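Here the protein sequences line up with chains A, B and C, keeping their order.
For the first sequence, position 153 (counting from the first letter as 1) is numbered 153 according to this note's numbering, and the numbering increases by one without interruption.
For the second sequence, position 260 (counting from the first letter as 1) is numbered 666 according to this note's numbering, and the numbering increases by one without interruption.
For the third sequence, position 42 (counting from the first letter as 1) is numbered 834 according to this note's numbering, and the numbering increases by one without interruption.
By construction, these hints were calculated from the structure, which means they are not laboratory data.
Any given hint might turn out to be false.
Computed list of chain B residues with no C-beta within reach of chain C, every gap over 12 Å [stated by the list, open to error]: (1) T470; (2) G619; (3) A732; (4) G754.
Output of the computed footprint for chain A on chain C, the stretches with three or more beta carbons under 8 Å from beta carbons of chain A [unchecked claim]: (5) 936 to 943; (6) 1010 to 1016; (7) 1045 to 1054; (8) 1064 to 1071; (9) 1075 to 1086.
All figures in this text were calculated on a predicted structure; none of them were measured in a lab.
Where is the CB? At the ideal position from N, CA and C, for every residue including glycine.
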Amino acid sequence: MTGRWQRCVRLNQPLFTKPFILFASLAALAFLLGFFRELTGLGYVTGLNDGYSWGLFKNWNVTALTAMGSGGYAIAILTWLFNQRKFHPIMRTALLTSFLGYGTGMIALGFDVGRPWNFLHFNNPHNWNPHSVLMEVAVCMTAYVIFALDVENMPPFLERLYMSPDPKKSQLAMKIFFAIRATFPFFVALAFLLPSMHQSSLGGLMYLAGTRVHPLWQTARIPLLYLLMAYILGLACVLMVLLLSSMAWDLGWDMDILEQLTKLMGRITVVWLAIQFIDLAYRGVLHLAFTFDYYSIWFLLQTFLLLVPALLLWFKPLRSQPGTLFLLTFVLAIGGLIYRFTPTTVAFSPLGNYKYFPSIAEILMSIGFTSFAVTLFLIAVKRFAILPAPAGEITAGAAVQPFDTL
Amino acid sequence: MLDQSNLPIPTSFRNGVDRRTFFKVVAQATAAIGLTGSLAAKVVAAVEKGARPSVIWLHFQECTGCTESLLRTSHPGLAEVLFDLISLDYHETLMAAAGHQAEQALESAIQKNAGKYILVVEGALPTKENGIYMQIGQKTGLDIVKHVASSAAAVVAIGSCASWGGVPSAEPNPTGASGVNEILQGRAVVTLPGCPANPYILLGTLLQFVALGKLPELDDQGRPKFAYGRVIHEHCPRRAHFDAGRFAEEFGDEGHRLGYCLYKLGCKGPSTHASCSVLQFCEVVDAWPIGLGHPCFGCTEKEVAFRVPMLKPAEIVRPTPPATYAPVTAPVGVVSPIATGLGGLIGGAIVGAGIVAAKKMNTSQPTPVPPPPPPAKTDSGSKVTE
Amino acid sequence: MNVNRRDILKGLIGGSAIAGVVATAIPAADKDSGAIAPESDAVGLLYDATKCIGCRACMPACQNANGLTPDRGGSGGLYMQPDTLNAHTKNLIKLYTAPDGHERSFMKQQCMHCVDPACVSGCPMNALHKEPKGVVGWNPSLCIGCRYCQIACPFNIPKFEWDKVNPKIVKCELCRHIVGITDSQPACTKVCPTHAVVYGKRTDLLAEAHRRIQAEPGKYFEDRVYGEFEAGGTQCLILSHVDFVHLGLPTLGKQSGPAQVRHMANFIYRGFLTPIVLYGGLAGVMHYRWKHHLIHTETSQHHEGDPAPQQENNA
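Only chain A is shown next, with the shape it has when bound in the complex:
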């Protein structure tokens, strides 16, 4: 089935497939290891040490993967700010990936902090340190998830509630819906502001480390680069989710939307690379990229993985095949994730002689939390009308009005 995506549908597919069981098992393993971590301490389940005190959970699950979880932010900006309403059918998918990306990132963070009982003190703004970038990230991310993502993700669930035979539930769903509809602009504006703040601040976090981050990555422009990369990775994630979903469940390939997004993603990546290179030249460290030491090779790899797909995506024939589209997006996403991850870990060298590589348990937990997001995604798309599909035969469980306006 091909055609333009015009509505959101619920998949009529069995839930307990082999992939689902795989992802659910990995997720269960992660939580089991997490439980074990609570009983024993971080030193037993991670490879972290005093030099590299941030590892996979913070630098990957939070810093890198919430960038992937910026799909809602990216698509919403396109749809609302730039008035590209054709992307509206994929909003629910994008918002769901955002919610899951941020949610599982924060779960990983919850397991990573050493003294989580003191999170209670978070509720008292008097305890906040206004100079701390990490405080800003924490407050913004929490506010984003609670006040923006929550609300934006409600329509598919409200829809389901509305379809319930109990009239009370139906009415409740409508009431909530209208409340959201009346206040939607204010929530969406918040959903633009907050991620702009904390996605850039995730980069600003490393600015405090000064010369401990390699000059190829450490710059006063790091918040801008992190913010733009979040946008790029958000688009990439939505693209990959849509392409994989289309492949798995025959949703039809709306090449119009897919090509537009990929073209945009590629062009923003070129702009991003230009900003980065101008910044390097301005700071006089561009030559470091060509010394072919460990950092230089890593930087060149990252650049290569970003530049080649970005350039190739310029050409329409390469964009018109979904598989090629997917592969180029995938490679670009890897490059982008490498960028988000590197200043925190690879390019970070603490004073002293420290080595770090995640332990097996740490790797399994990190993968498990991501698998948890995939598991929840699978459940959601098979229970609620989220994924886009062409208009066509009626499929039970399609999004209904007026909920599909949100």
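Since chain A is already given, all that's left is putting chains B and C on it; use the hints.
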């Protein structure tokens, strides 16, 4: 052996001694146990006033080693002690009396000096079956000690046996041997453990009592801090070898011959509070276990002596750095090769899955139909719907 | 609806106008972005590596004063043998030997108690904070164990108890539980036999350090005190006859990390003005868009077979 040339002229009788010589003796004695010189004057003054404190010395479950070690002092010699410094009114080993005469001597000493005499106890007291395992004249040790202690001004337990039970209390302790402080509950007892106790500690304690009228500062086990304030390890002449990691591994090996640290041979110096490392025995330098090449076995400590095997290494409770230094940057962090392998495997799997998915996307779908062209604008200018 | 370049342009111009106005027209509130001066009664340590004999009396003294379990290293329980600062070791004496063996120096490593500490700036909960007299202290009842302080500190000082379920951040706090309470100086300076490390007011220590430098020109490396200006100044100062880099001290500029972050944050946020103005702009645009979207979707053609739309008021 003993260097005779420096000994003071033995003066068995006070009458034959001039004040200056006597003062010298007392000064040497106080110096030997670390009391200040001004105390010597006080002792002399006190003794000249005729205030030689009465001392009653009781023996119980003991080997008499503590008395024997007291006999081997010369600063002051036992004679000076007995006749010039204290009035030893009852001592079963040294006194001439025996039998009923001895019993009477004890009672009259108690009555004459009631409330003023010092009771020195040597030996442990059996407690099982009401103490029948140690009786003198059909009176149990328990009764004797309680009776004599009742009107004593101070009670001093000399030796490990009197301090906490000593040898008789070793497993299985069939007689229930205990230190005198456990018998005399509620009464401050100065304990001077050691097997034997170093006699100068007793002399120092007694001299201080004579001069200042009070006992030296005691720790929580009743041991004088001036003698038992440190563990051997913290003032051992072989400490530099310990810090540098030079150990005797076996008796008679090269390290042992060179006088290296005896820690690995089971030296209990780190666990043992005593003064042997600075105040040796028999007034001979190095006349103490470690000095002679045998590890300390912790004779003063209830938890160590006769309980912990001799050759079992002691626990270092307050470790200090060794003779080597930390480098400016020491390596930290282990990179597990298995984890690296797992990470690589997972990365490879994800990339592989991506490539496979891309292929499938390209081949499983026919070339998608391009989007329909936008419908022509009608005259009414109605907006195109999505 | 096709891609409408007008809309894109409108969005871009609108967005950058807002950002530009906010970023440039509103004057920066620069109060917080400048350097911080040390408190007048700031205290610290002066460590003179030329006087240190490496006796390490300061190490057990610190252990005992702080109630730390000694790190026995790989010594089989025999020694206190940490080779880095860690969760059991707040103070460490290290030895530097030049490869050719001609130069040697000891180095005492502990928290530098910076004038403008990066750890304090980064700590989200103010668990790491400046106590009276500028001592950097840690508060267990606020710390969430995020370990940002370990990322921030240029000297890599704060250590974490990785093996505990109730982990603490461990670092020298200049014996603030002792000084002024049961004693007048920290444990390490009290036991130092050569007064290689001394405690006092930073102003006095700096004066003393300069006096020593002037008294023997050429003796001390580059005739300067490490910590006078590094990273905005530290309260623990170091004099050495060898290059500070050999002692493991980082080469740092005069501006502290927190000052740089404050400068950047101020440039972007202008107090809290930027987010507020940005939100206002975004909400305004959204309100306009939302109105049009509702009109549009509620008058558009149905999808075939859809249930009839509810008759609702437009927002």
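Status of each hint after checking the structure:
1. Every C-beta of chain C lies more than 12 Å from that of T470 (chain B), the closest at about 39 Å, which supports listing it as non-interface.
2. Against the 12 Å criterion, G619 (chain B) stays outside the reach of chain C, whose nearest CB is about 32 Å from its own CB.
3. A Cβ of chain C approaches the Cβ of A732 (chain B) within 12 Å, the least distance being about 4 Å, so the stated non-interface status is violated.
4. Listed as a non-interface residue, G754 (chain B) keeps its Cβ farther than 12 Å from every Cβ of chain C; the least gap is roughly 30 Å.
5. Given a C-beta distance limit of less than 8 Å, the hint that chain A covers the stretch 936 to 943 of chain C holds, as 7 residues qualify and 3 suffice.
6. Only residues whose beta carbon comes within less than 8 Å of a beta carbon in chain A count, and the stretch 1010 to 1016 of chain C has 0; fewer than three means the coverage is violated.
7. Requiring three or more residues with a Cβ within less than 8 Å of a Cβ of chain A, the coverage given for the stretch 1045 to 1054 of chain C holds, as 5 such residues are present.
8. A stretch counts as covered by a chain when three or more of its residues have a beta carbon under 8 Å from one of that chain; for the stretch 1064 to 1071 of chain C and chain A the count is 3, and the coverage holds.
9. Evaluation of the coverage hint for the stretch 1075 to 1086 of chain C: fulfilled, as 8 residues show C-beta separations to chain A shorter than 8 Å, against a requirement of three.
Checked against the numbered hints given earlier, this structure breaks hints 3 and 6; the rest are met.
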